[in-house]
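Keeping the supplied structure of chain G fixed, place chain E upon it in accordance with the hints.
Each protein sequence line maps, in turn, to chains G and E.
Residue numbering for the first sequence follows the numbering used here, beginning at 1 and increasing consecutively.
Residue numbering for the second sequence follows the numbering used here, beginning at 1 and increasing consecutively.
Keep in mind that the hints were calculated from the coordinates and are not lab data.
Treat the hints with care, as some may be off.
Claimed, not checked - Here's a subset of chain E near chain G, in silico, CB distances under 8 Å, partners left out: (1) Met11; (2) Pro40; (3) Glu44; (4) Phe106; (5) Gly107.
What the hints assert, rightly or not - If you anchor each label on the Cβ, the simulated ranges turn out as follows: (6) E/Ile46 x G/Lys13: 22 to 30 Å; (7) G/Asp59 x E/Gly10: 18 to 26 Å; (8) G/Val12 x E/Ser41: 16 to 24 Å; (9) G/Arg110 x E/Ala1: 27 to 35 Å; (10) G/Ser80 x E/Gly62: 29 to 37 Å; (11) G/Asn84 x E/Thr111: 22 to 30 Å.
C-beta: ideal position from N, C-alpha, C; glycine also.
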Amino acid sequence: DVKVTQSSRYLVKRTGEKVFLECVQDMDHENMFWYRQDPGLGLRLIYFSYDVKMKEKGDIPEGYSVSREKKERFSLILESASTNQTSMYLCASSSALDAQETQYFGPGTRLLVL
Amino acid sequence: AQKITQTQPGMFVQEKEAVTLDCTYDTSDPSYGLFWYKQPSSGEMIFLIYQGSYDQQNATEGRYSLNFQKARKSANLVISASQLGDSAMYFCAMRGLNTNAGKSTFGDGTTLTVKP
Chain G
1 DVKVTQSSRY LVKRTGEKVF LECVQDMDHE NMFWYRQDPG LGLRLIYFSY
51 DVKMKEKGDI PEGYSVSREK KERFSLILES ASTNQTSMYL CASSSALDAQ
101 ETQYFGPGTR LLVL
Chain E
1 AQKITQTQPG MFVQEKEAVT LDCTYDTSDP SYGLFWYKQP SSGEMIFLIY
51 QGSYDQQNAT EGRYSLNFQK ARKSANLVIS ASQLGDSAMY FCAMRGLNTN
101 AGKSTFGDGT TLTVKP
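If we strip away everything but chain G, and leave its shape as in the complex, we get (with noise of 0.2 Å):
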């Protein structure tokens, strides 16, 4: 079975900190992505990765970076986080040889922002 798994379910930060979520997945996947999710809004792809140490930006990527020094691992870092940044944020990956294969799914961490 596949598994992605995300540092941690629920986070509470103060704004202007910054922060790292964490994403690991054992299935030797080549894509890797970060979303967030706001509700009405659907799912909102901040960065994909396709391979060590590429990265590409999503749709929303503004406030945010990302790190993927080893495949299986992909971190979102919010340089300076602000209260408009509290959202789920959900991870996932895939695999580059079969498009037809869904993406995986971590448990999403739910980011609060004071």
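Same frame as chain G, now just chain E:
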């Protein structure tokens, strides 16, 4: 560019009845895949069913089936014999099969409530 539209923010269904969740899409990719996911209140996204644009038959997975009408660009999810555990948010998503990195576009979701 790809776009997914789910026009039903919320739906109610009686337990044991069937329900259809609507999804329409727009894409310029000649080859694409359509996915449905379920998200319970716990937050985890659960893959339900996949339909490829060139598949001749509608996809089925247990109580889930996909009513795929390519000309109308619709991919509605049908849940038969609804159960209380089906109460969740449902997302329709698509991916161009020839594009890089497997990027997917998601709809805004439909919240389904199953009434006893």
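Legend entry - Status of the given 27 to 35 Å range, CB of E/Ala1 versus CB of G/Arg110: The hint (27 to 35 Å, Cβ to Cβ) holds, given that G/Arg110 and E/Ala1 are roughly 30 Å apart.
Legend entry - Hint check, E/Gly107 versus chain G [nearest Cβ-Cβ separation less than 8 Å]: holds (6 Å)
Legend entry - Verdict for G/Val12, E/Ser41 (Cβ pair) under range 16 to 24 Å: 20 Å Cβ-Cβ, so the 16 to 24 Å window holds.
Inset, instruction - Would you settle whether the hint for E/Pro40 is holds or violated, based on the nearest Cβ-Cβ distance to chain G being less than 8 Å? - result: violated (11 Å)
Inset, instruction - Could you see if the CB distance from G/Asn84 to E/Thr111 stays within 22 to 30 Å? - result: The hinted range 22 to 30 Å holds for G/Asn84 and E/Thr111, with Cβ atoms some 23 Å apart.
Inset, instruction - Indicate whether the distance between the beta carbons of E/Ile46 and G/Lys13 respects the range 22 to 30 Å. - result: Between E/Ile46 and G/Lys13, where Cβ atoms are some 28 Å apart, the hint holds.
Inset, instruction - Could you check if E/Glu44 really has its C-beta closer than 8 Å to a C-beta on chain G? - result: holds (5 Å)
Legend entry - Residue hint E/Met11, partner chain G, criterion CB-CB below 8 Å: violated (15 Å)
Inset, instruction - With chain G as the partner, please determine if E/Phe106 meets the hint condition of a C-beta pair closer than 8 Å. - result: holds (4 Å)
Legend entry - Hint check for E/Gly10 and G/Asp59 - Cβ pair distance inside 18 to 26 Å: The hint (18 to 26 Å, Cβ to Cβ) holds, given that G/Asp59 and E/Gly10 are roughly 25 Å apart.
Inset, instruction - Note whether the CB distance of G/Ser80 and E/Gly62 lies within 29 to 37 Å or breaks it. - result: Given about 46 Å between the Cβ atoms, the range is violated.
Hints 1, 2, 10, counting from the list given before, are not met by this structure.
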